[in-house]
Amino acid sequence: MAFYVFGGSNSIFSDGWVSSFSQQMGQPVLNRAVGATTTLTGLFRFLMTADETQPRAGDCVLWEYALNEVIHVARGYRREMVLKNVEHLLALCRARGCRFVPLIMTPLWQERARARDPYYQMLLDLFAHYGVVPFDVSSAWRQQHWLGRLSDSLYIDSAHYARIPELMGFIANGVAELTATARVPADVAPLYAAGLGVSLIEGLEQGSYQNSLMKVPTAQLPVSSTLQGHGR
Numbered sequence: 008m009a010f011y012v013f014g015g016s017n018s019i020f021s022d023g024w025v026s027s028f029s030q031q032m033g034q035p036v037l038n039r040a041v042g043a044t045t046t047l048t049g050l051f052r053f054l055m056t057a058d059e060t061q062p063r064a065g066d067c068v069l070w071e072y073a074l075n076e077v078i079h080v081a082r083g084y085r086r087e088m089v090l091k092n093v094e095h096l097l098a099l100c101r102a103r104g105c106r107f108v109p110l111i112m113t114p115l116w117q118e119r120a121r122a123r124d125p126y127y128q129m130l131l132d133l134f135a136h137y138g139v140v141p142f143d144v145s146s147a148w149r150q151q152h153w154l155g156r157l158s159d160s161l162y163i164d165s166a167h168y169a170r171i172p173e174l175m176g177f178i179a180n181g182v183a184e185l186t187a188t189a190r191v192p193a194d195v196a197p198l199y200a201a202g203l204g205v206s207l208i209e210g211l212e213q214g215s216y217q218n219s220l221m222k223v224p225t226a227q228l229p230v231s232s233t234l235q236g237h238g239r
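Here the working numbering runs 7 ahead of the position in the sequence shown, where the first position is 1.
Hints are computed from structural coordinates only; laboratory data are not their basis.
Treat the numbers as computed from the prediction; the structure is a model and nothing was measured.
Heads up, the beta-carbon is just placed ideally off N, CA and C, and yes, glycines get one too.
Where hints are given, some of them may not hold.
Listed next, with one range per pair, are the computed distances between beta-carbon atoms [as the list claims (entries may be wrong)]:
| hint | residue 1 | residue 2 | range |
| --- | --- | --- | --- |
| 1 | 152 | 85 | 27 to 37 Å |
| 2 | 140 | 88 | 23 to 33 Å |
| 3 | 239 | 215 | 35 to 45 Å |
| 4 | 224 | 88 | 18 to 28 Å |
| 5 | 188 | 220 | 28 to 38 Å |
| 6 | 152 | 203 | 34 to 44 Å |
Kindly produce the complete structure, drawing on both the sequences and the hints.
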C-alpha cells in the first residue's frame, strides 16, 4: 500500500505536515502536490501514464485542495465546476480501488470570516455522499482548543499555515487516524458530474518540461489530434 498526496503548496514544504505524516506512518509518501492549483491538476497527475508510479487498488489518495479552491472561487470560478472536478477524482479512485482521505484547510481570510464560503459545506456534503470522512483542520483545532477560530499566529500569510511542530503534528495525526479506516468512495449517483467521466488525451507530446515538482508533456501550438470516442 502506498500513500499519494494530491494538493497545493501547504503539502509541498519539506518541514510541513507531509513530512510529519511520513515519519509517523514509517514509509515514504508519493507527493504529487503543486502550489496554487486545484483538483484539475490532481486529475491530470492522477491520469498521467508518464509517472513512474500510479495509484493502484489498496493505495490511499490524500486530497488537499480546499484552500486553493476557495481562493479560485473568490476569483470567479463556479463552485459547482470546482466540485465537479473533485467528484471526477472520487470516481477515478473508486474505479481503481483507491481509498480516499480528504484534508480540508482554510485560508486566513476565510478563518477570520463569520462563516466560511458555501463551498466548504458543499464540499463536506459531497464527501458525505461518497462515504469518505475528511479531516477539517479548522474545525478539529477549534474543537480541541475550545477556540472560535485559529489565531493569526498559526499562519505565515493568507494562504499558508505556519510550519510549527504542534500544528504540523496535529494535521499529520488527524490524517493518519483517518487512513486506518479510509474507504474507497461509494458507488453512488453523481451530484455534479452528471454521469460523465474524464480522461487524458495523449499523443500530442512533442517535448517535455520538468522542474523540481513535476514533468509535463509540451507541444507547440497549433496542434491537432484525432479523438477516439465521444466527448467534449
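Report the numbers of all earlier hints that the structure fails to satisfy, in ascending order. 3
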